[in-house]
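Letter by letter, the chains look like this.
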Amino acid sequence: MNNCILEMKGIKKYFYGVKALDGVDFKIRTGEVHALIGENGAGKSTLVKILAGVYQPTAGTIIFHDKPVQFPSPLFSQQAGISVIHQEATMFLELSVTENIFMGHHIINKSNGLLSWEEMKDKTQSLLDKLELDIRPDTKVRNLSVAQRHMVEIAKALSLNARIVIMDEPTSALTIKEVEYLYKIIRKLKSEGKAIIFISHKFEEISEIADYFTVLRDGKYIGEGKIADVSIDKIIQMVIGRSLKHMYPKLEAEQGDIILKVENLTKIGIFKNISFELHKGEILGFFGLVGAGRSEVMQTIFGIEPMTSGGVFINGKKVKITNPEDAMNYGLAYIPEDRQLQGAILEMNIKENITLPIIDRISRHIFLDRVREFEITDEYGKYIEIKASGWDQLVENLSGGNQQKVVLAKWIVTKPRILIMDEPTKGIDVATKATVHNFISELAKQGIAIILISSELTEILGMSNNIVVMHEGVVTAKFTREEANSEKIIKAAIGSISK
Amino acid sequence: MMSLFKKREFNLFVFILFIIFGVSLRNPNFLDINNFVDILNDTAILSIVAIGQLMVIVTGGIDLSVGSSVALTGMSVALLNQYYPGIPIFMIILISIAIGLLLGSINGLLVSLGKIPPIITTLGTMSIYRGLVFVLCKGTWVSAHEMTEVFRGFPRRSFLGISSLIFISILIVILFLIFLNLTKTGREIYGVGGNKIASQYVGINLKKIQYIVFTLCGGITGLAGFLWVARYAAAQSETAIGFELQTIAACVIGGVSIIGGSGTIIGVILGAFFMGIVYNALTMINVSPFWQMAIQGFIILFAIIINTVMDKRNQQLMLRRRSFNE
Numbered sequence: 001m002n003n004c005i006l007e008m009k010g011i012k013k014y015f016y017g018v019k020a021l022d023g024v025d026f027k028i029r030t031g032e033v034h035a036l037i038g039e040n041g042a043g044k045s046t047l048v049k050i051l052a053g054v055y056q057p058t059a060g061t062i063i064f065h066d067k068p069v070q071f072p073s074p075l076f077s078q079q080a081g082i083s084v085i086h087q088e089a090t091m092f093l094e095l096s097v098t099e100n101i102f103m104g105h106h107i108i109n110k111s112n113g114l115l116s117w118e119e120m121k122d123k124t125q126s127l128l129d130k131l132e133l134d135i136r137p138d139t140k141v142r143n144l145s146v147a148q149r150h151m152v153e154i155a156k157a158l159s160l161n162a163r164i165v166i167m168d169e170p171t172s173a174l175t176i177k178e179v180e181y182l183y184k185i186i187r188k189l190k191s192e193g194k195a196i197i198f199i200s201h202k203f204e205e206i207s208e209i210a211d212y213f214t215v216l217r218d219g220k221y222i223g224e225g226k227i228a229d230v231s232i233d234k235i236i237q238m239v240i241g242r243s244l245k246h247m248y249p250k251l252e253a254e255q256g257d258i259i260l261k262v263e264n265l266t267k268i269g270i271f272k273n274i275s276f277e278l279h280k281g282e283i284l285g286f287f288g289l290v291g292a293g294r295s296e297v298m299q300t301i302f303g304i305e306p307m308t309s310g311g312v313f314i315n316g317k318k319v320k321i322t323n324p325e326d327a328m329n330y331g332l333a334y335i336p337e338d339r340q341l342q343g344a345i346l347e348m349n350i351k352e353n354i355t356l357p358i359i360d361r362i363s364r365h366i367f368l369d370r371v372r373e374f375e376i377t378d379e380y381g382k383y384i385e386i387k388a389s390g391w392d393q394l395v396e397n398l399s400g401g402n403q404q405k406v407v408l409a410k411w412i413v414t415k416p417r418i419l420i421m422d423e424p425t426k427g428i429d430v431a432t433k434a435t436v437h438n439f440i441s442e443l444a445k446q447g448i449a450i451i452l453i454s455s456e457l458t459e460i461l462g463m464s465n466n467i468v469v470m471h472e473g474v475v476t477a478k479f480t481r482e483e484a485n486s487e488k489i490i491k492a493a494i495g496s497i498s499k
Numbered sequence: 001m002m003s004l005f006k007k008r009e010f011n012l013f014v015f016i017l018f019i020i021f022g023v024s025l026r027n028p029n030f031l032d033i034n035n036f037v038d039i040l041n042d043t044a045i046l047s048i049v050a051i052g053q054l055m056v057i058v059t060g061g062i063d064l065s066v067g068s069s070v071a072l073t074g075m076s077v078a079l080l081n082q083y084y085p086g087i088p089i090f091m092i093i094l095i096s097i098a099i100g101l102l103l104g105s106i107n108g109l110l111v112s113l114g115k116i117p118p119i120i121t122t123l124g125t126m127s128i129y130r131g132l133v134f135v136l137c138k139g140t141w142v143s144a145h146e147m148t149e150v151f152r153g154f155p156r157r158s159f160l161g162i163s164s165l166i167f168i169s170i171l172i173v174i175l176f177l178i179f180l181n182l183t184k185t186g187r188e189i190y191g192v193g194g195n196k197i198a199s200q201y202v203g204i205n206l207k208k209i210q211y212i213v214f215t216l217c218g219g220i221t222g223l224a225g226f227l228w229v230a231r232y233a234a235a236q237s238e239t240a241i242g243f244e245l246q247t248i249a250a251c252v253i254g255g256v257s258i259i260g261g262s263g264t265i266i267g268v269i270l271g272a273f274f275m276g277i278v279y280n281a282l283t284m285i286n287v288s289p290f291w292q293m294a295i296q297g298f299i300i301l302f303a304i305i306i307n308t309v310m311d312k313r314n315q316q317l318m319l320r321r322r323s324f325n326e
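Chains A and B, in that order, give the protein sequences. With the working numbering, letter number 14 in the first sequence gets 14, and the count goes up by one each step, no holes. With the working numbering, letter number 8 in the second sequence gets 8, and the count goes up by one each step, no holes.
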């Protein structure tokens with residue numbers, strides 16, 4: 001294989017004796033999209049960070065263009081032509097698009113030694129044109145959408161003449177339309193001979209865009225191959241080390257009376273005339289593109305944001321909810337999308353996090369009842385299978401999937417009658433996902449009414465009794481489980497039914 | 001226009017015009033050109049030190065030692081002038097900058113290599129530098145008659161029709177406008193403050209940037225130390241007490257984000273000028289000195305609140321527009 005651009009052999013990385021990577025092999029050729037697959041904690045990020053020069057391997061060799069190389073710092077890896085598009089949080093929000101692209105390698109005017117803003121802006125504009133992006137070089141990145149920010153990162157990689165572009169879960173915050181656009185860009189890069197390492201949890205995506213795959217599990221190399229040669233089931237088996245029978249547990253919950261009714265809910269400029277009904281024991285799926293207004297509707301119902309007009313009825317009675325405390329008194333619970341920012345308090349331990357919403361109930365006078373706290377945590381923690389060294393472990397030391405479980409448990413202890421979940425499985429691995437899905441079904445069976453916001457089509461189709469689709473702040477379609485299929489839902493989500 | 005006066009700076013500018021208009025209704029003398037020259041002279045030192053503070057704050061740090069540094073450099077050069085009156089004035093200026101650079105680089109080393117948070121570092125050096133002033137002067141003053149005529153006359157000396165104090169400030173402003181906007185290091189200062197992790201990924205040396213901003217801030221502060229004692233023709237142990245808070249206030253009023261990553265020189269200059277105007281105006285309209293400080297604080301808070309509210313509204317408008325364009 002002469003066009004093999006990068007080969008990593010026997011890569012090991014130990015952190016204080018913990019084997020994050022234990023003899024991993026990886027190779028990629030030019031003009032190839034290579035999926036790096038594994039559960040959270042499998043070692044994908046560590047491998048990427050070694051390639052990016054952020055970590056140094058404990059053992060192993062990296063061969064780049066037939067020569068052994070070392071990347072002592074990110075600068076070296078960048079100059080060699082490796083660009084990493086990190087999942088999030090690697091942009092300068094207060095600075096312009098141009099500056100984000102050129103930070104670290106500003107263009108300097110040779111005659112006076114000062115920065116040449118004109119040239120940088122021109123180059124940025126041509127990169128944006130190439131990516132068919134309708135944004136201005138002067139725009140502050142803070143004012144861009146998540147998808148646009150990703151594209152700016154790609155533009156940056158192009159400006160660095162990257163030969164290997166690593167994308168760490170690039171689609172996790174994107175909508176279908178944006179994902180398709182991303183695919184188009186990836187294919188374009190591929191045709192220009194760039195090698196792309198694509199990290200993802202979503203198997204549909206992998207089979208759609210990748211040519212080859214490498215699977216890691218628990219820091220070990222499990223196998224690699226051509227996507228075309230193997231079935232998705234086979235890959236899943238490699239990833240989790242066993243076969244996964246029930247990806248989406250069948251719903252058998254009995255649907256009861258209407259518990260929540262929303263009528264013509266409107267918030268000017270964000271969404272308008274939202275109406276739907278929710279029954280006891282029902283899972284109501286909300287699908288739409290990012291920015292369709294789903295989360296905003298739920299935040300308004302939950303009293304975080306004020307409404308302009310409309311009505312919310314609980315058990316047939318019109319209620320006025322002006323803050324989350326009101327909402328909780330009516331039996332509502334809202335699990336937000338960003339578990340790190342809004343859900344869990346990372347510096348606190350599992351016990352404290354889970355019992356936070358019911359802190360009144362486990363206090364005696366002014367003292368906390370530590371025994372009660374432990375009992376409740378133990379009950380729910382075991383129920384939802386949180387993997388931790390003990391209930392005293394800090395949440396920040398848990399894996400992403402387990403953090404998500406803590407957030408779930410935290411809201412379940414409040415014994416809500418209506419549970420709103422915003423992207424509950426975003427960015428978590430297959431096995432954890434299955435636990436969370438099981439758990440959601442279980443809750444529905446107990447008669448809790450659930451609203452499930454998700455951007456993953458299979459999840460919406462697999463979990464929901466009924467489905468509401470939104471586009472740009474309005475409901476474009478409603479389906480029952482039987483009526484729904486992916487084509488109809490996507491059409492409604494991109495607004496082609498209403499227009 | 002908009003590129004020079006970014007939105008936030010523009011708001012502040014309008015607010016300043018508004019105050020000028022209001023005060024001139026009560027006391028027309030306020031509009032006198034000489035009065036404005038006075039205000040400029042009064043705010044010149046604050047402006048330049050606030051630029052140093054700006055650079056530190058943009059990286060996400062803070063420098064509480066600038067007041068003490070002004071006093072220490074000021075006292076050092078004043079004593080130098082008293083005992084060795086023969087040293088030419090340009091040497092005095094260079095020495096003051098050198099002392100400032102030294103004091104700043106101590107802060108910089110503690111923060112970058114010592115990994116001590118800036119607020120703790122400079123809280124410590126604030127006391128140390130102030131303590132050294134006492135050690136140097138042994139509790140006495142250097143007063144006007146002990147300074148040479150050239151020394152204390154320097155800030156008032158006219159150069160091309162304007163005082164050298166204002167002239168030097170303008171020079172510093174231009175120099176740092178170029179540094180922050182047209183050099184790689186200048187932009188990296190904004191990068192580090194905006195996102196430390198991202199900066200690391202693009203190969204910016206965080207420690208180097210931290211060292212540079214504290215040292216440069218020190219250098220400016222040192223120069224300000226000389227200008228201060230010369231202008232007030234006195235070097236005391238209490239010189240510039242609380243001055244660090246004024247520089248921080250000028251930054252915040254000028255729209256500098258206290259968590260780092262954003263802030264402009266134009267904004268900071270307007271912020272310093274705003275504080276000068278408020279102080280001057282309260283005297284001009286005969287507000288009782290007992291009340292001046294409280295009212296000053298109130299107006300500063302008011303300016304910041306207005307600025308923040310406007311900023312938030314702009315951002316919401318932006319978001320709204322975006323959600324419908326997609």
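Derived by calculation from the structure, the hints in this document are not laboratory data. On a predicted model such as this, the values are computed, not experimentally measured, just so you know. Treat each hint with caution, since some may be false.
Lysine-lysine pairs mimicking PhoX-like chemistry, simulated, CA-CA at most 20 Å apart [unchecked claim]:
#1 A:K280 to A:K267
#2 A:K226 to A:K280
#3 A:K121 to B:K184
#4 A:K123 to B:K208
Take a look, some chain A residues computed to stay more than 12 Å from chain B by CB distance [unchecked claim]:
#5 Q79
#6 F92
#7 E94
#8 E99
#9 L182
#10 G447
Label pairs and their in silico Cβ distance ranges [unchecked claim]:
#11 A:P68 to B:I197: 25 to 31 Å
#12 B:L102 to A:N3: 17 to 23 Å
#13 A:G390 to B:V14: 45 to 51 Å
Built from N, CA and C at the ideal position, the CB exists for glycine as well.
Okay, the hints, checked on the actual structure:
{"no.": "1", "hint": "A:K280 to A:K267", "in the structure": "violated, 27 Å"}
{"no.": "2", "hint": "A:K226 to A:K280", "in the structure": "violated, 46 Å"}
{"no.": "3", "hint": "A:K121 to B:K184", "in the structure": "holds, 15 Å"}
{"no.": "4", "hint": "A:K123 to B:K208", "in the structure": "violated, 29 Å"}
{"no.": "5", "hint": "Q79", "in the structure": "violated, 8 Å"}
{"no.": "6", "hint": "F92", "in the structure": "violated, 4 Å"}
{"no.": "7", "hint": "E94", "in the structure": "violated, 4 Å"}
{"no.": "8", "hint": "E99", "in the structure": "violated, 7 Å"}
{"no.": "9", "hint": "L182", "in the structure": "holds, 15 Å"}
{"no.": "10", "hint": "G447", "in the structure": "holds, 36 Å"}
{"no.": "11", "hint": "A:P68 to B:I197: 25 to 31 Å", "in the structure": "holds, 28 Å"}
{"no.": "12", "hint": "B:L102 to A:N3: 17 to 23 Å", "in the structure": "violated, 57 Å"}
{"no.": "13", "hint": "A:G390 to B:V14: 45 to 51 Å", "in the structure": "violated, 59 Å"}
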